[in-house]
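S.K.: Construct the complete structure from the given sequences, taking the supplied hints into account.
Protein chains: 2
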Amino acid sequence: MSVLVVGTTALDSIKTPYSENPRLLGGSASHAAVASAFFAPTRLVGVVGGDFPSKHLNLLRKHRIDLTGLERVKGGQTFHWSGEYEVNMNNRRTLETVLGVIEHWQPVLPGELETTPFVLLANISPQIQHRVLDQLKKPRFVVADTMDLWMNIALDDLLRLLKRVDCLVLNDGEARQLAKEDNVVAALPKLHHLGPRYVIVKKGEHGSLLSGPEGLFVAPAYPLKKVIDPTGAGDSFVGGLMGYLASQKKGTINQNLRRAMIHGAVVASFCCEGFGLSRTTKVARPEISARVRELEKLVRF
Amino acid sequence: MSVLVVGTTALDSIKTPYSENPRLLGGSASHAAVASAFFAPTRLVGVVGGDFPSKHLNLLRKHRIDLTGLERVKGGQTFHWSGEYEVNMNNRRTLETVLGVIEHWQPVLPGELETTPFVLLANISPQIQHRVLDQLKKPRFVVADTMDLWMNIALDDLLRLLKRVDCLVLNDGEARQLAKEDNVVAALPKLHHLGPRYVIVKKGEHGSLLSGPEGLFVAPAYPLKKVIDPTGAGDSFVGGLMGYLASQKKGTINQNLRRAMIHGAVVASFCCEGFGLSRTTKVARPEISARVRELEKLVRF
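Top to bottom, those sequences are chains A and B. Just so we're aligned: the first sequence equals residues 1 to 301 in the numbering used here. Just so we're aligned: the second sequence equals residues 1001 to 1301 in the numbering used here.
Bear in mind the hints are in silico, worked out from the structure with no lab data behind them. No false leads were mixed into what you were given.
Covered stretches of chain A, going by a simulated chain B footprint (3 or more residues, C-beta under 8 Å):
(1) 180 to 186
(2) 204 to 216
(3) 220 to 228
(4) 258 to 267
Here are the simulated BS3-like cross-link-like pairs (lysine-lysine), alpha carbons at most 30 Å apart as the crow flies:
(5) B:K1297 / A:K163
(6) B:K1203 / A:K225
(7) A:K180 / B:K1225
(8) A:K225 / B:K1163
(9) B:K1203 / A:K15
(10) B:K1297 / A:K297
(11) A:K138 / A:K249
(12) B:K1015 / A:K180
(13) A:K250 / A:K203
(14) B:K1180 / A:K225
(15) B:K1190 / A:K15
(16) B:K1282 / B:K1250
(17) B:K1225 / B:K1203
(18) B:K1249 / A:K297
(19) B:K1225 / A:K203
(20) B:K1282 / B:K1226
(21) B:K1190 / A:K226
(22) B:K1226 / B:K1203
(23) A:K250 / B:K1297
(24) B:K1138 / B:K1190
(25) B:K1180 / A:K15
(26) B:K1203 / B:K1015
Positions of the beta carbon are idealized from the N, C-alpha and C atoms, including for glycine.
M.R.: Structure (structure tokens):
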């Protein structure tokens, strides 16, 4: 089955202690769609300006991503994020954000996209997430990713969104903030109370945590000796997760979600091994399976 | 088989944002020995002053811990640590340390302890760890726990010790410091290079990591909704690990180490649920098995 991904399609300028990389292909939808496309047909809904390089479009097409839902605004400026990482690669700060064409974007879904069964509302404003959700016809499984920014400036919209989705994905700091609870495990029931049946907490190098009707699942991260650029790792995680779920012909979502998280974790590990999408877009499917098998061995006792 | 534990036997005064608890039974050897004694006969080597309450001695005896190796210095003052935790329970600061009788302690092992096969050099100065090791006759498996303090003030002794032990246990920050390497996964081969065949990195609520001849093992922490006091959790982890290893009649140490870490993690989880040893000393063996089974389910995919 297919996956629809809505989110940002951006140009990212990323500084680390070791190098500078201007105007890379980035954004939550780009990372998530490439990750999803390893497993299932994937449709991207987003917006770019006239400055968006055609090589980026070609790269997405090469990954068989359906770009029918990607709006191009001639003369407009593509969303541009510029940020800097500290030595330990965990702390980052935003240097500049230019919203460009994303600021007044009102997504309109082409008719053939309205019936996509698996829907990933990747990180973007809750208003846009709502608007896409409004146009969908009976989606089978809706996952929303979010970030602290929306908790700070669009909390009401976000809370309304949580009543409309099956699964919420966020990082541990955001889980604490949204639940107003210092202990992540104690935050989970409070997050369920806001609406979603499934809650997934991303903990970076420490893996992730799923809370659902069958209790908790603790998923490892793939242990990396070297992290080049973690930008987009969370988007790759949730994109890979959705693609894997959509690709499964057997079993319920509940039954497949644990393995889906493992596949997401593996795509995220590749994402961290290069700037932007440079490593992810060179991964071959058997490399993913090999790391999944490694993770199986890593946690067995 | 038996476990010998050497380390501090202390009085701990612990402040958290919620309460103050003066002069609790604490110290690395107390926590580790109680944890080990759930699984195997355990012998404690330590020193206390005349001020050490007899109720603490009785509690250790009640847990069937052999105190032949516990020296009592009449008129001396027991090692006293006083510290304070922040709201998130991860950051702590030491308010005061009184070394007391531990400062000039030269442990002498009673003859019957010299042949103990499983030896835990719990956190204490590397000089004392060496001195105990010098008196042991062909131990089967030696584990050393340590902390940043010894890296700062006794690095040469610590480095010499690492050539004499089978397994090093330390937390993630300490692993980075000792290996001079920011990435924990990349730090592991550097730590092996210092001597130990096995390296275990404790990551608190994020679980632990084993590196050994068969590669990596990622062990989960038991997810706790409420942490009352994490003091001694690391000591409980390694104590439980050693007790479990010593209790196994089948399999090699290499084969049993993963399950040993899981048992250690479970004892550590109980430790966090009360001040000092108050919760750990009330745990019944079946409660440990129940949490081990929960952890098995938590990581299965």
